[in-house]
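Protein chains in written order, with our numbering: chain L, 1 to 273; chain E, 1 to 263; chain Z, 1 to 263.
Treat the hints as calculated values from the structure; they're not laboratory data. Be careful, since some hints might not be right.
To be verified - Some chain Z residues near chain E, calculated using beta-carbon distances under 7 Å:
#1 T11
#2 T17
#3 V75
#4 A93
#5 P102
#6 M110
#7 A112
#8 L113
#9 Y126
#10 N180
#11 L182
#12 I185
#13 I221
#14 F222
#15 L240
#16 G246
Stated by the list, open to error - Only some residues are given here: those of chain E computed to face chain L with a beta carbon under 7 Å:
#17 G123
#18 Q162
#19 A163
#20 L167
#21 Q173
#22 D225
#23 E228
C-beta atoms are modelled at their ideal positions from N, C-alpha and C, and glycine is treated no differently.
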Amino acid sequence: MIAGLERPDAGRVTISGEDATGLAPRKRGVGFVFQHYAAFKHMTVRGNIAFGLKIRKRPRAEVRARVDELLALVQLQPFADRYPSQLSGGQRQRMALARALAVEPKVLLLDEPFGALDTRVRGELREWLHRLHDEVRVTTVFVTHDQEEAMALADQIAVLHEGRIEQVGSPRELYDQPKTPFVMSFVGAAAQLGDRWVRQHDLDLRLEPAAGAFEARVERIARLGFEARIELQLADSGTVWAQMTCAELDRLELERGATVWVMADRARVFAGD
Amino acid sequence: MRKLALRTVALGYLALILLGPLSIVFWRAFEKGFGPAWSAVTTPAAMHAFQLTLEITAIAVPANTIFGVLCALLIVRHPFPGKGLLNAFVDLPLALSPVVVGFALFLLYGRTGWFGSWLSSHGIRVLFAMPSMILATAFVSIPFVVREVVPVLREIGTDQEQAAETLGASQWQVFRRVTFPAIRWAVAYGVVLTTARSLGEYGAVSVVSGRLAGQTETATLYVSDRYENFDIVGAYAASVVLALMAIVVLLTMNLLRPKEGVH
Amino acid sequence: MRRVSPFGGLTLGVVVTYLSLIVALPLAALVWQSTKSGATGFWQSLTSPEAVAALKLTLATSLAVALVNAVAGTVIAWVLVRDEFRGKGVVNALIDLPFALPTIVAGLTMLALYGPRSPIGIDVAYTRAAIVLALLFVTLPFVVRTVQPVLQELDHELEEAAESLGASNWQTFSRVVFPNLLPGILSGVALAFAKAVGEFGSVVIITGNIPFKTEVSSVYIFGQIESGNTSGAAAASVLLLAISFGVLLLIGALRHWTTRHHA
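For reference, chain L alone in the conformation it holds in the complex:
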């Protein structure tokens, strides 16, 4: 919708303060990077990157200089004359990014750009994109389902749920002051105790009863190296996962079947939930 490929049922799209709702995609100045690359298969890497400039009928020398610059930026100089089918997924996505940047868009739109890549390549590209963004400095909209990716990259995050924006804010705001249970459980692991929501690592397990504590039984303990996760069967009903360091787990000397009391002092209650 931002790129103009789909029309909104209602509302407006403004880019740099200008209403772009009725504008054709080619007039919007939005650089779009697609999840599945949308590489022009019959053109080389160089041809792909030069496409937008050629459409604008820029002088040949200028096109070449700009493409060389972008090839260097996305580190694809050695592959300039290859076809997309001869590139890896990560390389194709870097090419798509250079292609979108070539026309100096007002907004860069990345639609789950790393969605089709394996975890290791994703991590590398994320770091690289972060550095690139510092160099290029163009407003970038990054669509992702991976909250870690969003938290690591973004200045501002908008959390969408069932077609609505649940909350907009910095990663820190979303984490510390979530407005809805969905946001809370989306940006970090959360547990529900009655009408209260709490971060898993904020659950305080005690071996004796205490005021306001929930009684629970330890169902399972998973040690993940530095941290451990404990599945608790609440006496009332339902299960929650608690998170703590392994050192703390050892201090408590918890075992399967043990009875504990769960305190949730830093829990939040959401209105209308």
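Since the structure of chain L is already known, use the hints to place chains E and Z on it.
Chains E and Z in isolation, oriented as in the chain L frame:
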């Protein structure tokens, strides 16, 4: 053992139905030597017939190619009411008797037809002349470009086209620089099929042409005319020329086929 | 959300106009003509003894040809996909020859081997067997070309899985392979049937067109046009048109059914 049996059955069938008869045609044509065959296909009537066939093909094929590409774009990229009906009409020539095609044109452009009286009062001859033969040929060869291009368009999807749009390309630029390069082999394959069908059209043209020797006689009509006049060498010699054209078509088809889905 | 469609009304206009001019209008004229003589006249034309005899012969030979094709086409496709032998590429290319070869040449071709001057002493000219032979020639590619791609796509693992579960060769074929091929075979057979029903060029020479004996419907229609019996020709033409539409609908339904099956 089972494989060998199946192979024997398959190749035996092909030999009986296809290869045997075809080789006899070549043999019959050159039975009395190369000379008579050559002079049979170089008579003025024969030359004229082949020329007419080529002229008709040269008009019908480009028209159907442009139509085919547009129609495929419409079917794949532009859902609209009546798409099913459009599909049915495009496929119809594959299943309809060419005689019926010719007869339908005959009725439309004949003296008492809807267009016939108006056209004849304006001195335009359609029936028993080139225009009706072109129409008949275009009718029977309409499906091929559409049918080749539609699946390829479906497969490439709209991602590349959308990417081009966001990069500032106009609709025409998107088509010329992105869509067309992606479908060009399918178009080429469709053009070859259309050409083959156009060169070989017989039934529809024989109804609308009036079969006037030296005037409205195409290559295929010439073959049947020679046969009916007991000029066996002439009939077989012209057949061999048409068969050679068919073989060229086959070779082109096989050159183009591996190129499909190259990327 | 609405997708922004990249193709405007112009394309739709061009496509619909072209298709109307070339295909729809002539067919409308044909249907119009057939209604002129009223329901009784139409029925009388349709059921004249010669027309009925021609239709019966057409349907019987087409059905026979479709059935032979179902078996032979599947065997040939199987051999072309699963067997390896020298010259397979050439054989594969030749399958399309009947499509590329003009039908009138196809008729002459069959006559050359199975006619009066047959070098192998088989003369079926002017008999019903000749019709079947000619139709087998022109319909050869249909089943082969619809079954071949399905067979190529068919996962070998499927057959291996069946065998590992203790199925015999025949059981593997009849229960695993054949059900997968069936839609392809059926649509190929349907196309071959439609082509056979309307075939003209290849049968007109080899059969001699003896009414009540070797005259098929398309040849009958041609004769009626020549002798000026427009309403007789129109009635039979409309019937062939209906059969073609019916077959296309059937193929469309088959395609719909398979895509749903695989989704």
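Taking the hints in turn, this is what the structure says about them:
no., hint, in the structure
1, T11, "5 Å, holds"
2, T17, "10 Å, violated"
3, V75, "5 Å, holds"
4, A93, "5 Å, holds"
5, P102, "3 Å, holds"
6, M110, "5 Å, holds"
7, A112, "4 Å, holds"
8, L113, "4 Å, holds"
9, Y126, "14 Å, violated"
10, N180, "18 Å, violated"
11, L182, "19 Å, violated"
12, I185, "15 Å, violated"
13, I221, "5 Å, holds"
14, F222, "5 Å, holds"
15, L240, "5 Å, holds"
16, G246, "9 Å, violated"
17, G123, "48 Å, violated"
18, Q162, "5 Å, holds"
19, A163, "4 Å, holds"
20, L167, "4 Å, holds"
21, Q173, "6 Å, holds"
22, D225, "48 Å, violated"
23, E228, "51 Å, violated"
Comparing the model with each numbered hint stated earlier shows that hints 2, 9, 10, 11, 12, 16, 17, 22 and 23 do not hold.
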